[in-house]
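A.B. asks: Got chain C; can you put chain B on it based on the hints?
Chain by chain, the residues run as shown.
Protein chains: 2
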Amino acid sequence: MKKLKRSARLVELTQFLLARPHTLIPLTTFAERYGAAKSSISEDLAIIKEVFEEEGMGELQTLAGAAGGVKYIPRVSEERALDIIHKVCGKLEEPGRILPGGYLYMSDLLGQPHLVNEIGDIFATIFGGKNIDVVMTVETKGIPIAYATGAKLNLPVVLVRRDHQVTEGSAVSINYVSGSHKSIHTMTLSRRAMKEKSRVLIVDDFMKAGGTVRGMIDLLAEFNAEVAGVGVLLDSGSVDSEERLFEDYVSLVTLETVDAKNRTVGVKPGNYFEK
Amino acid sequence: MKKLKRSARLVELTQFLLARPHTLIPLTTFAERYGAAKSSISEDLAIIKEVFEEEGMGELQTLAGAAGGVKYIPRVSEERALDIIHKVCGKLEEPGRILPGGYLYMSDLLGQPHLVNEIGDIFATIFGGKNIDVVMTVETKGIPIAYATGAKLNLPVVLVRRDHQVTEGSAVSINYVSGSHKSIHTMTLSRRAMKEKSRVLIVDDFMKAGGTVRGMIDLLAEFNAEVAGVGVLLDSGSVDSEERLFEDYVSLVTLETVDAKNRTVGVKPGNYFEK
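Chains C and B, in that order, give the protein sequences.
Mapping to full-length UniProt numbering: the first sequence position 162 is 162, numbers consecutive.
Mapping to full-length UniProt numbering: the second sequence position 25 is 25, numbers consecutive.
Next up, chain C with everything else stripped away, as it sits in the complex (with noise of 0.2 Å):
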């Protein structure tokens, strides 16, 4: 135990809360931690709430009682989601991204920990309320939006492997078809990376005709798994509703255009942002 001035204990605190999301914690673990009473907890709480509120970081759930204590909810304010929503647009709308066969290069800003992180946010800020058991994604390059996810909602991550690893042991493999290609590929899930009746948030990058997210319902379906939400960074808008494989998702960019003659895309924010 330690005596804390309340400047220093409003600090401690602070970065307590924000190293745990979505986890409730007892006053009684402050308390004892800081040498402080109840009470005093409750101000600093009180406190950290206001600011949390104002700068639209979240909020600062505190519930009564003897199970009771303080839980961190982070959530991105609308206004917040669409700022950094519109700095990728504009970053995916620079020129020469356009890669050959009209696909476009993204990895640089898949490749910058903060911004994956701030997508993270927003898709914890969308689906914190959904009751959710663990996030989901298949390699690779959703694997960073996944984590930063389940960093905000205090959730495991499952990967799908597109091979059977020796080190994953027994496995459950699915064929699906890519709407991109229509061509088949497979998925694996190792048997013990999902329990059964788990909810589980299907994230992912991108998605077209939304075979690969098609793929990830199907595979969950062998573990007695349900979807509890599908959120997807990019998705395309170029696709017919009856070639779409998968409706029920939320995208946070459309890619409206691309055009591989001039070398122009166009993109807009995604289906989440639509009133």
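In short, the hints are calculated from the structure, not lab data.
Since the model is a prediction, treat every value here as computed from it, not as a measurement.
If several chains are the same, the list does not tell them apart, and a pair holds so long as it fits within one copy or across any two.
Heads up, simulated DMTMM-like pairs for lysine to aspartate or glutamate below, C-alpha to C-alpha not over 20 Å straight-line:
1. K91 - E256
2. K197 - D218
3. K49 - E78
4. K268 - E79
5. K5 - D44
C.D. replies: Frame of chain C; chain B shown alone:
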């Protein structure tokens, strides 16, 4: 501009600094942001600095002068690092992790974002002073560790792929011999992923003889880039030094024995903790 009381300013400043590690922030930024005198901000920062140091969370560097400001350098004390690693060792020694072929299942541990972030904190502590431009890893399991490290060092992450992907543009491929199987594999890195002469921190989840790391170093040579450090979560202690393809690396955990018959695993803290 908003006027804040000291107590609210401390909360705000703490979260602002924690969200921007290894970033120089001029005092005028805060003075303007909070409508406070620079002298008040300096007093606030002194309080935060003391708490951060007391908690073993890192350092608040103050740089005087016109180009001056404050920079938060996250650091984990060796004591806390060892606590984290003992926790990891305990988990790795749990029965039931040994897979056919003597492989160790650790995807459940690597699937915990909170733990992965703690591992990133340790790598950021080890390599924080090394003048690094970029963190590099090869898919798949090292990716979350690389991002956790990059986030804390405020550095981009570059991802080496096993295959050449259409979404990466022109790429450089090399062949390498994986020490575990003595078999030949390919790894590729997008031409535009890395600037010439970058100083690179290589991070991975596991290293046996070091073939994969050796491959990444060979790949760096193609970009006229150089290795600034190599960090792996787990290395294998059962490799002869003449078999080892690479010596100068830091490990956090060392796998000493895998007894596939009795299904037991022996691990100890890695070479970072050796005096």
